[in-house]
Amino acid sequence: MPVPSPFHPRTADLCTSLAWKSWAGIFAVEHFGTCHEREYYALRHTAAMIDVTPLYKIDLTGPDAAKLLARVTSRDITKLDVGRCTYLCWCDDDGMLLDDGTVTRLDDEHFRLTAAEPYFHWFESHARGVDVELSDTSARIASLAVQGPRSREVVAAALEPEFQSALRTLPFFGALAARVRGFDCVVTRTGYTGDLGYELWTANEFALELWDAVDLAGFAHGLLPAGLSALDVSRVEAGFILAGVDYTSARDAAIPAQKSSPYEVGLGWTVELDREDFIGRSGLAKSRSNPHRRATVGLVLDWNELERLFEAEGLPPELPSTAWRGGVPVYSASGQVGRATSGVWSPTLKQNLAIGMVGRSHAKVGTKLEMEVLVEYQRLRISATVSKRPFFDPPRKRFTPKNSPSSSHSSPSGELV
Amino acid sequence: MKQSASKSYDAIIVGGGHNGLVCAAYLARAGRKVLVLEKRHLVGGAAVSEEIFPGFTYSVCSYVVSLLRPWIIRDLNLVEHGYQTIPLECSFSPYPDGRSLCRWSDADETRREISRFSTRDAEIYGTYGATMARLAAFAKPIIDSPAPQPASLDPRELLQLFRLGKNLRDLPADLLEQELGLMTMSAVDFLDAWFESDQLKAPMACSGIIGTFQGVRSPGTAYVLLHHYMGEIDGAFRSWGFARGGTGGVSNAIASSAQAFGAEIRTSAGVDRMLVANGKCGGVVLDSGEEIRARTVISGVDPRLTFMGLVGSEHLPDEFVKELTRFRYRGSSGKVNLALDRLPEFACRPGSSAHLRGDIAIAPSIDYLERAYDEAKYGKFSRRPYLNVVIPSLVDSTIAPPGKHVMSCFVQYAPYDLEGGAERWPEQREAFGDTVIDTLEEYIPDLREIILHRQVLTPWDLEQEFGLTEGNIFHGELSLEQLAFLRPVSGWAHYKTPINNLWMCASGTHPGGGIMGAPGALAAKAMLKSGAL
Ligand SMILES: Cc1cc2nc3c(=O)[nH]c(=O)nc-3n(C[C@H](O)[C@H](O)[C@H](O)COP(=O)(O)OP(=O)(O)OC[C@H]3O[C@@H](n4cnc5c(N)ncnc54)[C@H](O)[C@@H]3O)c2cc1C
Numbered sequence: 083m084p085v086p087s088p089f090h091p092r093t094a095d096l097c098t099s100l101a102w103k104s105w106a107g108i109f110a111v112e113h114f115g116t117c118h119e120r121e122y123y124a125l126r127h128t129a130a131m132i133d134v135t136p137l138y139k140i141d142l143t144g145p146d147a148a149k150l151l152a153r154v155t156s157r158d159i160t161k162l163d164v165g166r167c168t169y170l171c172w173c174d175d176d177g178m179l180l181d182d183g184t185v186t187r188l189d190d191e192h193f194r195l196t197a198a199e200p201y202f203h204w205f206e207s208h209a210r211g212v213d214v215e216l217s218d219t220s221a222r223i224a225s226l227a228v229q230g231p232r233s234r235e236v237v238a239a240a241l242e243p244e245f246q247s248a249l250r251t252l253p254f255f256g257a258l259a260a261r262v263r264g265f266d267c268v269v270t271r272t273g274y275t276g277d278l279g280y281e282l283w284t285a286n287e288f289a290l291e292l293w294d295a296v297d298l299a300g301f302a303h304g305l306l307p308a309g310l311s312a313l314d315v316s317r318v319e320a321g322f323i324l325a326g327v328d329y330t331s332a333r334d335a336a337i338p339a340q341k342s343s344p345y346e347v348g349l350g351w352t353v354e355l356d357r358e359d360f361i362g363r364s365g366l367a368k369s370r371s372n373p374h375r376r377a378t379v380g381l382v383l384d385w386n387e388l389e390r391l392f393e394a395e396g397l398p399p400e401l402p403s404t405a406w407r408g409g410v411p412v413y414s415a416s417g418q419v420g421r422a423t424s425g426v427w428s429p430t431l432k433q434n435l436a437i438g439m440v441g442r443s444h445a446k447v448g449t450k451l452e453m454e455v456l457v458e459y460q461r462l463r464i465s466a467t468v469s470k471r472p473f474f475d476p477p478r479k480r481f482t483p484k485n486s487p488s489s490s491h492s493s494p495s496g497e498l499v
Numbered sequence: 051m052k053q054s055a056s057k058s059y060d061a062i063i064v065g066g067g068h069n070g071l072v073c074a075a076y077l078a079r080a081g082r083k084v085l086v087l088e089k090r091h092l093v094g095g096a097a098v099s100e101e102i103f104p105g106f107t108y109s110v111c112s113y114v115v116s117l118l119r120p121w122i123i124r125d126l127n128l129v130e131h132g133y134q135t136i137p138l139e140c141s142f143s144p145y146p147d148g149r150s151l152c153r154w155s156d157a158d159e160t161r162r163e164i165s166r167f168s169t170r171d172a173e174i175y176g177t178y179g180a181t182m183a184r185l186a187a188f189a190k191p192i193i194d195s196p197a198p199q200p201a202s203l204d205p206r207e208l209l210q211l212f213r214l215g216k217n218l219r220d221l222p223a224d225l226l227e228q229e230l231g232l233m234t235m236s237a238v239d240f241l242d243a244w245f246e247s248d249q250l251k252a253p254m255a256c257s258g259i260i261g262t263f264q265g266v267r268s269p270g271t272a273y274v275l276l277h278h279y280m281g282e283i284d285g286a287f288r289s290w291g292f293a294r295g296g297t298g299g300v301s302n303a304i305a306s307s308a309q310a311f312g313a314e315i316r317t318s319a320g321v322d323r324m325l326v327a328n329g330k331c332g333g334v335v336l337d338s339g340e341e342i343r344a345r346t347v348i349s350g351v352d353p354r355l356t357f358m359g360l361v362g363s364e365h366l367p368d369e370f371v372k373e374l375t376r377f378r379y380r381g382s383s384g385k386v387n388l389a390l391d392r393l394p395e396f397a398c399r400p401g402s403s404a405h406l407r408g409d410i411a412i413a414p415s416i417d418y419l420e421r422a423y424d425e426a427k428y429g430k431f432s433r434r435p436y437l438n439v440v441i442p443s444l445v446d447s448t449i450a451p452p453g454k455h456v457m458s459c460f461v462q463y464a465p466y467d468l469e470g471g472a473e474r475w476p477e478q479r480e481a482f483g484d485t486v487i488d489t490l491e492e493y494i495p496d497l498r499e500i501i502l503h504r505q506v507l508t509p510w511d512l513e514q515e516f517g518l519t520e521g522n523i524f525h526g527e528l529s530l531e532q533l534a535f536l537r538p539v540s541g542w543a544h545y546k547t548p549i550n551n552l553w554m555c556a557s558g559t560h561p562g563g564g565i566m567g568a569p570g571a572l573a574a575k576a577m578l579k580s581g582a583l
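Listed in order, the protein sequences are those of chains Z and E. Numbered by the working numbering, the letters in the first sequence go through residues 83 to 499 in order. Numbered by the working numbering, the letters in the second sequence go through residues 51 to 583 in order.
Bound conformation, chain Z alone (with noise of 0.2 Å):
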């Protein structure tokens, strides 16, 4: 049986749907009406908040936290600012990926790592001869995720008033100790959606009291709690990838193919390769020098060609509302070529989006790939392209204004671009 989480008074009050689903053994929404659709425009058009505590969370202190975080993931954390906050993954002694996550730096010695996945004992085995203390906060620290382009606003009035200005020029990436309603609350400004977008991380005895600030604030801005089926179909649109699904961790592999480098996975620009010796580094430098065997890429698949294929069965063009997820064969002229794992509609985009693993030769944008499509019962293949990921990439998403109006309305097209 999955635990609540400490939002569930809240969220299970809204959910009406009773669409729940277990994520990391607590209780997650999956959408709180009959359908997830309104809390995705609400993400793309307004705003909206998700319940993220699921998330697993270390934190760490001492005056080498730094110096462990660098000996195990992919990142010279030590060059981190305070007040920042960086995407990264780590890897077993091969260099083959185990998970990835964010770290935060809250203070000169103390950190927060986030991850899909338990790993704190194998963050605790590396922290031999370094002073650190490391703690599982996964069950301490309850998070909500404010997201869209109307997400400044609604933090920024949750919290108490000498930290809205801060908050409103807080860069993509940046973390902020700020106060809500007389708690400690961080915010970071980081998010699952690809778009503008906050988390906000307290204590748990604080969640509801946060959960009702936000709510309270982004009344006025149109803020819907959403379910993880919204979150999942602009993850898809923001070409993340996700542990489990895009990628099987080297840790849960049964064979040695099913394991990635982080090169394969697409997040080889995570590896600080050249310093001191960390964990994988020298399967990492491998992996980097040789061809590596596969490559993440996006796919956009061919919409007229889906359409004749329904066509020809007397059929309009029919296809999930939700974000897919599984393994779909991907060919190439000569044969399979590799799989594609997540997919949706973009209902933003207007495109068939899918995010797959290919064959090295086959990664380039531009090259034209075929994906196994199911038409009345039957097995069909429609052209799917190698585009760039992110598919969906708007400015507001890194762009920080730089005064801090105290209502940033009097251009709202502008801004929302």
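Misleading hints may appear alongside valid ones.
Which bits of chain Z does chain E cover? Going by a derived footprint, with three or more residues having C-beta under 8 Å, they are [unchecked claim]:
#, region
1, 115 to 124
2, 296 to 308
Restraint ranges, calculated between C-beta atoms of paired labels, are given here [said to hold, decoys possible]:
#, chain 1, residue 1, chain 2, residue 2, range
3, Z, Lys484, E, Ser338, 39 to 49 Å
4, E, Asp158, Z, Arg463, 30 to 40 Å
5, E, Ala180, Z, Thr116, 12 to 22 Å
6, Z, Ala335, E, Lys579, 49 to 59 Å
7, E, Gly581, Z, Ser99, 29 to 39 Å
8, Z, Arg461, E, Asn550, 46 to 56 Å
What the hints contain is simulated information worked out from the structure, not anything from laboratory work. A virtual CB, placed ideally from N, CA and C, is assigned to each residue, including glycine.
Given the structure of chain Z, go ahead and fit chain E with the ligand onto it with the hints provided.
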């Protein structure tokens, strides 16, 4: 007379409505040098967003999208140019007795709502929708290709052509009967064959009369019901949506695409007349007197304005003029746009806003609608009109300040030919606006208190400001005898005109009005194919 800068254009498009812009984009994409001339200070025509009251952006005329062809969206990369849609979630109808009906995208929820009025209707409602969607699928190719060519103009053959046209030939027998009904019946008669409850039929029947000067009991109105099911958002058959930033967002995306392909757009550049000599058009003269020449001129305004206003009937064959005069406009609708201090609350469903995220129909009964039409027949605007209301600011944060809202009310009937003459509209404008507010107030008791600003558009205003003849929102009624190869004039349904080098590309041509883009795109394709350009 001034002669414009030495530029020479392959084509001048008169009118920067969305169809003119689509046509310009396709021509520019094919490498032609194109100039769009728009009279107003901004493009969009009837698909336009304007900040009429500071902080509030109104979709001044059209307010929902659905018909814009997906292939046009792809061909013109409209998403890259900012085109985004947000689907309407539901259709809500309040009734004077305090009850209400909301039809949702979720079938079971809708069934539950309808069964409060009729369990029989609730059971059959899904089948009705599926049947209409299947019919629409057969009819859809018609709006994606040029009008079919009739072999002769014998009315019996014409009907045959409509019914069994290329695309309808494969119609299964069960659908054929429905199709025949649609072609000939009134919206009410057609719906009577399906449903029993007035509360359900009344709001449904309204889609048969939008933009026409007919009542829900007038024969022929059933056909327009089908149009409601032809909409597509996101490829699959779906209902209607809001364009982000208002319907002007659609026009702006198309304009941006056209410019990216190299088209030139000039606003505040009204065309005074076409340069016609010896049956040929060689350019235009602007209101300013400036003369601009081009190999072809394409009219993006309606047929009456094009031929009677800008060309002059003396240049046209008599038969053509006669048919043109018969082409009916008879505008029957107006628009009231409101800026609201907060979200309005309907007395029949307090404490929630979910049912306001779609469209709201004030159409409580068939008799109510028919009475509204009766008044219009005798030259009065309806005392209690049919209203189609949307509050897009609930789902689009770009059009109103936080917590405030815009409310768009489409109003029917507002007959262009007001008793005493159309010129009397300006003095009736505010009374007309009051009628709309009075009507709404019966359902939203505190509406007056929350209105910050109101814009009232009568059919007269639609004509004067937007160039829509007699205020017809579709450049001529969408009735069977004014569609396909009969639009706007039989024999001239393929974008060509009796004047050489003069073409048409707007809603007065096949496949007609609505934010669809198809006339503009099909016209451009026809011109390119014919070698005229
Ligand atoms: C009140 C209202 C509500 C509507 N609601 C909807 C709706 O919700 N959904 C929907 O799909 N459709 C709706 N419609 C219909 C739809 O908006 C129109 O059919 C469509 O926008 C027409 O586009 P167009 O490009 O063919 O012509 P127009 O948009 O009429 O464009 C013609 C252009 O020509 C310009 N012009 C006129 N005279 C001159 C001149 N002499 N020189 C230069 N330029 C000139 C005009 O200013 C205008 O920009 C509505 C229309 C109205 C009026």
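Comparing the hints with the structure gives:
1. With 7 residues carrying a beta carbon less than 8 Å from a beta carbon of chain E, the region 115 to 124 of chain Z meets the three-residue requirement, and the given coverage holds.
2. For the region 296 to 308 of chain Z, the proposed coverage by chain E is satisfied: 4 residues have a C-beta within less than 8 Å of a C-beta in that chain, meeting the threshold of three.
3. A beta carbon spacing of about 42 Å between Z:Lys484 and E:Ser338 agrees with the range 39 to 49 Å that was offered as a hint.
4. Distance hint check for E:Asp158 and Z:Arg463: the Cβ-Cβ separation is about 35 Å, which falls inside the suggested range of 30 to 40 Å.
5. Between E:Ala180 and Z:Thr116 the beta carbons are some 19 Å apart, a value that agrees with the proposed interval 12 to 22 Å.
6. The supplied range of 49 to 59 Å is met by Z:Ala335 and E:Lys579, whose beta-carbon atoms lie about 57 Å from each other.
7. Distance hint for E:Gly581 and Z:Ser99: a CB-CB separation of about 58 Å, inconsistent with the stated range 29 to 39 Å.
8. Distance hint check for Z:Arg461 and E:Asn550: the Cβ-Cβ separation is about 55 Å, which falls inside the suggested range of 46 to 56 Å.
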